[in-house]
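Asks: The task is simple: from the sequences and hints, build the whole structure.
One line per chain: the protein sequences are Z, B, A, Y, H and E, in this order. Note that full-length UniProt numbering numbers the first sequence so that position 4 is 4, with each residue one more than the last. Note that full-length UniProt numbering numbers the second sequence so that position 7 is 7, with each residue one more than the last. Note that full-length UniProt numbering numbers the third sequence so that position 107 is 107, with each residue one more than the last. Note that full-length UniProt numbering numbers the fourth sequence so that position 181 is 181, with each residue one more than the last. Note that full-length UniProt numbering numbers the fifth sequence so that position 204 is 204, with each residue one more than the last. Note that full-length UniProt numbering numbers the sixth sequence so that position 81 is 81, with each residue one more than the last.
Every clue listed holds true.
Computed spacing ranges between beta-carbons, pair by pair:
| hint | chain 1 | residue 1 | chain 2 | residue 2 | range |
| --- | --- | --- | --- | --- | --- |
| 1 | Y | H245 | H | G63 | 49 to 59 Å |
| 2 | H | G63 | A | R99 | 39 to 49 Å |
| 3 | H | L242 | E | D39 | 26 to 36 Å |
| 4 | E | E27 | Y | S36 | 51 to 61 Å |
| 5 | A | I184 | Y | S36 | 48 to 58 Å |
| 6 | A | E121 | B | G84 | 34 to 44 Å |
| 7 | Y | H245 | H | D243 | 15 to 25 Å |
| 8 | B | T192 | A | I184 | 28 to 38 Å |
| 9 | Z | A19 | H | G63 | 46 to 56 Å |
| 10 | Y | L40 | B | H245 | 30 to 40 Å |
Think about it this way: if two alpha-carbon atoms lie no more than 30 Å apart in a straight line, the pair counts; the simulated DSSO-like pairs of lysine-lysine are:
| hint | chain 1 | residue 1 | chain 2 | residue 2 |
| --- | --- | --- | --- | --- |
| 11 | H | K3 | Z | K233 |
| 12 | E | K225 | E | K3 |
| 13 | A | K3 | A | K48 |
| 14 | E | K3 | E | K48 |
| 15 | B | K2 | B | K225 |
| 16 | E | K225 | E | K2 |
| 17 | H | K225 | E | K225 |
| 18 | A | K225 | Y | K233 |
| 19 | H | K3 | H | K225 |
| 20 | Z | K233 | H | K2 |
| 21 | A | K233 | B | K2 |
| 22 | B | K225 | A | K233 |
| 23 | Y | K225 | B | K225 |
| 24 | Z | K3 | Z | K225 |
| 25 | E | K225 | Z | K225 |
| 26 | B | K233 | Y | K3 |
| 27 | Z | K2 | E | K233 |
| 28 | Z | K3 | E | K233 |
| 29 | Y | K233 | A | K2 |
| 30 | A | K225 | Y | K225 |
| 31 | E | K3 | H | K233 |
| 32 | Y | K225 | B | K233 |
Because the hints were derived from the structure by calculation, they are not lab data. None of these values were measured; they are calculated from a predicted model. For every residue, glycine included, the Cβ atom is placed at its ideal position computed from N, Cα and C.
There are 6 protein chains.
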Amino acid sequence: MKKLVLTGAAGRLGSYLRAPLAAMCDEFVSTDLRESVQDLAPNETYVKADLADLDAMVALLEGADMVIHFGAIGDEAPFETLLGPNFIGAYNIWEAAYRNGVRRVVYASSIHAVGMHRKTESIGIDAAHRPDTFYGLAKCFAEDLASLYWDKRGVESVCMRILSCAQVSNSRAVGSWLSYDDLIHLVERAITTQITGFSIVYGVSDNDRAPVDNSGARHLGYRPKDNAERYAKEIFAADGPLDPHDPANTHHGGAFSAVELGNSGVAQMKLNAEDTGKS
Amino acid sequence: MKKLVLTGAAGRLGSYLRAPLAAMCDEFVSTDLRESVQDLAPNETYVKADLADLDAMVALLEGADMVIHFGAIGDEAPFETLLGPNFIGAYNIWEAAYRNGVRRVVYASSIHAVGMHRKTESIGIDAAHRPDTFYGLAKCFAEDLASLYWDKRGVESVCMRILSCAQVSNSRAVGSWLSYDDLIHLVERAITTQITGFSIVYGVSDNDRAPVDNSGARHLGYRPKDNAERYAKEIFAADGPLDPHDPANTHHGGAFSAVELGNSGVAQMKLNAEDTGKS
Amino acid sequence: MKKLVLTGAAGRLGSYLRAPLAAMCDEFVSTDLRESVQDLAPNETYVKADLADLDAMVALLEGADMVIHFGAIGDEAPFETLLGPNFIGAYNIWEAAYRNGVRRVVYASSIHAVGMHRKTESIGIDAAHRPDTFYGLAKCFAEDLASLYWDKRGVESVCMRILSCAQVSNSRAVGSWLSYDDLIHLVERAITTQITGFSIVYGVSDNDRAPVDNSGARHLGYRPKDNAERYAKEIFAADGPLDPHDPANTHHGGAFSAVELGNSGVAQMKLNAEDTGKS
Amino acid sequence: MKKLVLTGAAGRLGSYLRAPLAAMCDEFVSTDLRESVQDLAPNETYVKADLADLDAMVALLEGADMVIHFGAIGDEAPFETLLGPNFIGAYNIWEAAYRNGVRRVVYASSIHAVGMHRKTESIGIDAAHRPDTFYGLAKCFAEDLASLYWDKRGVESVCMRILSCAQVSNSRAVGSWLSYDDLIHLVERAITTQITGFSIVYGVSDNDRAPVDNSGARHLGYRPKDNAERYAKEIFAADGPLDPHDPANTHHGGAFSAVELGNSGVAQMKLNAEDTGKS
Amino acid sequence: MKKLVLTGAAGRLGSYLRAPLAAMCDEFVSTDLRESVQDLAPNETYVKADLADLDAMVALLEGADMVIHFGAIGDEAPFETLLGPNFIGAYNIWEAAYRNGVRRVVYASSIHAVGMHRKTESIGIDAAHRPDTFYGLAKCFAEDLASLYWDKRGVESVCMRILSCAQVSNSRAVGSWLSYDDLIHLVERAITTQITGFSIVYGVSDNDRAPVDNSGARHLGYRPKDNAERYAKEIFAADGPLDPHDPANTHHGGAFSAVELGNSGVAQMKLNAEDTGKS
Amino acid sequence: MKKLVLTGAAGRLGSYLRAPLAAMCDEFVSTDLRESVQDLAPNETYVKADLADLDAMVALLEGADMVIHFGAIGDEAPFETLLGPNFIGAYNIWEAAYRNGVRRVVYASSIHAVGMHRKTESIGIDAAHRPDTFYGLAKCFAEDLASLYWDKRGVESVCMRILSCAQVSNSRAVGSWLSYDDLIHLVERAITTQITGFSIVYGVSDNDRAPVDNSGARHLGYRPKDNAERYAKEIFAADGPLDPHDPANTHHGGAFSAVELGNSGVAQMKLNAEDTGKS
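Replies: So, in structure tokens, the structure goes:
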């Protein structure tokens with residue numbers, strides 16, 4: 001692998017990925033809106049750039065083998081707020097990849113693309129889109145974009161529907177947790193798998209209570225190792241019994257399944273109690 | 001029904017719908033980008049307005065029971081060209097519907113949301129999104145938006161995936177034709193069905209060779225009457241044998257399945273040979 | 001066919017079936033709790049008997065080819081009230097059939113065995129049990145009993161899940177109506193089909209908006225002819241718009257899907273407004 | 001259509017097809033093992049040839065647009081007996097088609113490829129192979145051959161799984177009948193459909209009790225018109241009640257489902273009682 | 001957890017559960033038909049009570065958080081014998097739970113609810129009811145009751161379809177064994193899972209040859225640890241080859257799949273040879 | 001187990017199986033076309049015999065409990081070349097088994113029976129036949145034969161669809177590898193499972209990237225232990241990026257999915273680069 005590009009490199013998850021990605025290639029380019037980032041790897045170049053700027057993205061991806069696309073607003077927000085970074089930004093990445101002959105987009109999709117399904121119904125990678133927020137709607141959009149660019153232009157994609165990659169601090173996370181180690185493993189598999197075409201996979205650790213089914217994505221070889229069950233007893237005790245009729249408890253999207261559309265204030269409040277820094 | 005609003009009223013399909021819709025309500029509002037339209041019904045008001053203008057849409061839908069949303073660019077085009085009318089325009093319609101308490105959006109979706117499936121595989125209303133163009137991608141986006149507004153805000157939708165509503169002029173249309181009468185019948189059912197929640201239905205006539213399956217949408221009571229088979233012999237003779245490896249022949253999207261993304265020129269050329277005025 | 005037995009012969013649906021059944025066999029026995037019924041056919045014998053009395057049922061079915069089992073309380077009621085006629089009564093019929101070598105039980109099951117599914121999801125004959133009432137629970141019980149007696153004792157059954165067999169007087173019935181003629185046709189097919197094993201079929205007319213799928217029961221040859229669509233316009237106008245979040249409107253069971261368990265008072269009230277005399 | 005070739009032209013079904021096929025093309029070649037056939041159409045050439053002779057088949061198909069392959073032993077028989085005409089013969093047809101650039105093989109497959117499924121379970125075109133005889137095994141073989149030649153060599157096929165094309169003379173045929181008119185219609189559709197790739201379709205009339213599901217083959221536009229129901233009453237009375245545990249009654253293959261493998265004697269005896277002249 | 005109630009506490013499985021359940025709550029109530037049980041835990045109260053007595057059950061469940069319902073006749077028996085404890089008893093538990101605001105019923109369902117499916121067909125939690133005995137029919141009834149009380153009254157349930165919880169003493173048990181440790185683990189997960197709604201899960205250890213699929217119940221986090229494979233060689237040698245056409249060998253229900261309905265004598269005899277003390 | 005027979009005993013895989021099979025029975029017969037084999041086990045008899053000779057096979061299987069059928073040409077070849085050993089040979093084995101009352105055929109089927117499915121679509125044991133070569137077509141034929149002999153004659157079968165059993169020497173094998181130890185384990189399970197009826201199972205190790213799903217074959221208890229992932233890094237580096245539009249890379253059959261039919265030369269060349277000695 002000669003060159004990899006990571007978007008959203010200054011974000012919470014992006015920060016964790018910089019070092020492992022740098023170790024996988026000759027030349028590593030990280031990018032985000034911030035002026036600079038700390039602790040550059042020897043082969044890393046950081047570029048400040050706006051996802052909503054197609055020309056910048058085309059320049060950024062020149063000569064890249066793959067782009068790992070984690071850049072976006074990581075919270076529910078009004079549609080107008082997400083339009084630039086989350087919708088147009090996604091288009092710009094796939095289009096820039098195509099124009100540069102980049103082989104694959106490894107994409108941080110999210111459970112929120114299908115967050116309105118119920119957790120008592122285990123969902124596979126073929127679950128119908130059922131977004132829980134504008135944030136989730138942008139993930140649906142990007143997945144359909146990925147399908148289109150594969151079918152019509154031969155750009156491969158791996159859409160990793162991350163459940164919740166943060167400390168395990170509430171009942172939902174006992175099922176939905178993706179550890180940082182498993183995140184890195186997943187991204188590594190998404191990159192090294194020889195052929196992916198258009199693939200979807202859930203990003204979740206090997207939790208006893210993980211409510212999703214990756215059996216349709218065997219070709220990616222994703223085998224997580226961590227398990228949030230060790231936190232279950234303490235967290236369940238702290239949370240106490242939950243209302244079985246509140247979508248925040250019953251649906252895959254958790255707090256996102258219950259929040260008012262566009263309401264980043266309420267979402268953030270619930271997120272604080274939930275898993276701080278939703279992918 | 002007190003008030004209905006039709007977008008895209010000056011378009012080819014919109015023009016056919018104005019009279020029947022006017023007959024179904026007390027107050028009928030038609031809208032498009034054009035300055036005016038001919039032959040207003042007695043209860044019809046035409047309003048020039050831009051779908052991409054949210055305030056205009058909110059004003060337009062005030063007091064409406066339902067909106068019939070046919071407005072959009074009706075051809076493949078660069079993403080940037082479709083962004084305003086087809087993507088943002090869709091958001092504006094659902095958001096304006098929500099703000100005004102409009103019960104339902106009856107939406108002209110399209111087979112191009114799933115156009116990269118093969119016609120030898122009959123697809124139902126639960127077929128995974130597999131857009132064939134940016135045009136189809138916008139249909140996917142609007143369907144997911146419809147799902148979201150139903151789940152989170154209680155706005156109902158009927159997404160009518162129209163196959164091809166035009167004269168039967170090529171081999172594909174022998175299967176994909178939606179007659180104008182059946183279109184009107186379908187829209188009428190989408191409006192009068194008491195409860196639709198979030199529903200999808202294919203818009204196609206009762207063609208012998210119609211390659212899609214509406215059995216999941218029985219509650220809508222759509223029963224088309226026309227059948228393109230009467231044109232089959234002549235058209236097949238005119239077309240001669242078709243290449244079984246050309247996506248334009250094998251995939252549900254027809255010419256759209258083969259066209260280069262964003263290429264409205266090539267698309268239009270193929271459309272001329274196909275069914276002139278694709279929904 | 002030498003001998004047929006009809007239970008529930010004095011009930012609303014049973015009354016309609018007496019004459020056609022009498023015409024299909026040499027000896028016709030009708031039974032119910034009432035002392036007598038009017039207008040006996042020449043080959044008809046009426047026997048007052050209690051479904052909850054196994055000995056009586058065994059005596060009644062002696063020498064019968066088939067039993068058409070419509071006897072039961074036809075309304076929601078407390079479990080204790082339904083236990084005798086609807087649960088034990090069903091057991092008695094299958095057991096009496098077995099002891100007498102009766103070939104088949106043609107059973108008036110009901111949509112209420114699966115009434116908590118949503119009407120926007122068309123259900124087939126393989127839909128999971130999801131009863132809406134104790135009344136529906138008794139139908140589930142009898143269907144499972146039918147499965148058991150076929151698998152272990154070779155007694156055939158046709159479980160006809162009747163939707164609503166009464167005049168079309170509300171919005172739900174526009175989809176759920178089973179006309180009397182189609183009921184008679186369905187019972188006739190359930191009897192004359194050479195081999196049925198354990199079969200399930202929905203009892204509904206050929207309504208445009210019939211929300212269920214009989215494609216898994218092709219071997220029975222049920223082809224209804226009536227269509228409630230002719231009542232749609234008037235009824236929808238009378239009902240006005242319906243609340244899309246009320247289970248009475250959204251679920252297959254209609255009023256039964258919303259009524260309190262065991263509450264025959266409320267159920268009856270809703271039934272009056274709905275379809276008076278639910279199977 | 002310039003040239004069509006029909007194998008099995010002297011057989012019962014082949015004889016019915018000669019005239020309609022001759023009318024569909026400029027040059028019609030019919031072939032069988034017999035020395036000659038009667039009533040040649042003006043554009044028809046009859047060639048005596050052995051299916052088991054590859055060179056003969058290659059010569060026969062030269063310049064043909066399509067081959068309609070009905071030639072085979074039409075009865076159960078020992079494997080060794082069927083090996084030449086039914087297995088090797090099928091290979092020779094597809095191979096000869098490939099070598100000559102013939103576009104499509106229209107193949108008389110049979111319900112006996114899936115005859116061990118139960119009739120109370122309606123089967124679609126995606127039912128797993130479950131042959132009931134060596135005869136049915138040869139149909140499975142030819143279908144897999146058809147799949148292979150499409151995937152690897154681009155030769156199209158339509159595998160018509162004929163149920164029973166003969167007079168309606170027993171209970172099974174009330175469901176399984178394919179009238180001669182519907183057979184001709186089916187073959188015509190299999191020929192004229194523009195693109196078929198590898199397609200499967202059941203050959204059965206529009207019988208009320210037809211136990212198979214063609215909804216996966218909509219693209220072929222097969223719409224049968226005849227219905228064996230008109231014979232039901234008389235035949236059921238003649239047959240009397242059937243044993244519900246005899247595979248001949250319960251399985252799709254009828255008598256073939258019960259016959260000993262290779263036993264053409266027993267099979268013929270049962271066939272006499274059944275539908276004389278099984279496809 | 002303040003208060004848990006266990007029915008069937010003097011039964012074989014109930015006896016194993018008393019200590020672990022007592023350790024999970026402040027107040028533990030155990031109940032059965034026997035006068036008393038040995039070795040009460042410090043926080044345990046034993047109450048003699050009859051499941052068929054609704055008032056007794058209502059009194060028993062007062063203030064309980066959950067009820068673990070293992071009480072029933074644990075063998076095939078005539079329907080009349082099972083009616084009180086297994087059918088009415090189940091109703092009484094759910095009704096008493098509802099009246100007392102008990103959150104959840106953890107129910108000892110059984111493989112015998114689906115025992116007439118074949119073991120060569122792996123079944124998931126969505127397998128259709130197919131009871132093998134009256135005993136299994138009662139399990140079907142209780143599962144449907146559980147579905148009803150969740151849908152209409154918000155009482156949660158976990159229906160644990162136990163395969164065979166006893167020493168591994170025959171060939172079937174090599175696949176169907178549920179160890180006592182895994183039973184305790186399963187019950188613990190059924191209690192501690194935050195939201196269950198209406199859930200079904202198979203109770204079976206991590207046997208190499210376990211013939212059922214719990215992938216639809218991931219949210220419960222059930223991860224068994226034991227494996228009956230260590231007994232396989234010895235038991236297979238002792239049993240010798242089995243008849244592949246005996247339902248006792250081929251169907252999920254084992255001996256129950258072959259026993260005459262209601263025949264507790266024969267069943268017991270077979271059970272002795274099988275796994276003594278069927279759940 | 002008194003007597004086992006192994007065909008193809010001199011082949012690559014057969015050679016590995018001789019010792020373990022000899023250890024499982026009193027009398028072990030190995031057979032192949034070669035004059036003799038080395039290192040006979042004490043209870044082993046080697047018999048030179050031709051699969052295409054039915055009488056020889058009938059003699060060979062006399063008194064056998066089971067036959068392990070690995071004999072066939074292990075490469076793509078012209079149909080005529082495979083006809084004897086791979087097609088007729090398979091028939092002879094099942095027929096000889098039937099005539100001798102042999103209980104079960106344990107058969108070396110192959111992924112090439114379904115090799116034209118895509119690896120990004122994980123396939124289960126119910127995947128439709130989709131052969132990639134004449135070699136794969138013979139596997140389809142034998143599987144259907146196995147189905148037939150079970151349904152009609154009670155001969156059991158386990159069809160092991162081996163992916164690739166050889167050293168891990170290319171990218172495909174990282175997913176498709178079956179280690180020799182796992183092969184032996186699989187064969188052992190296929191033999192010792194008490195009841196198999198007609199069963200299919202994929203023969204693949206516990207590779208992270210194994211692209212097939214054995215969850216429908218739980219009753220066989222196959223639990224592989226090896227994992228080719230340890231070779232992944234080195235092999236992927238050696239292979240470099242692969243063309244995502246070459247069937248050799250994208251389809252389950254690997255090189256077989258891309259090779260010309262019948263072309264053993266090209267196939268061998270690709271096999272050399274792949275996994276040398278395809279099952």
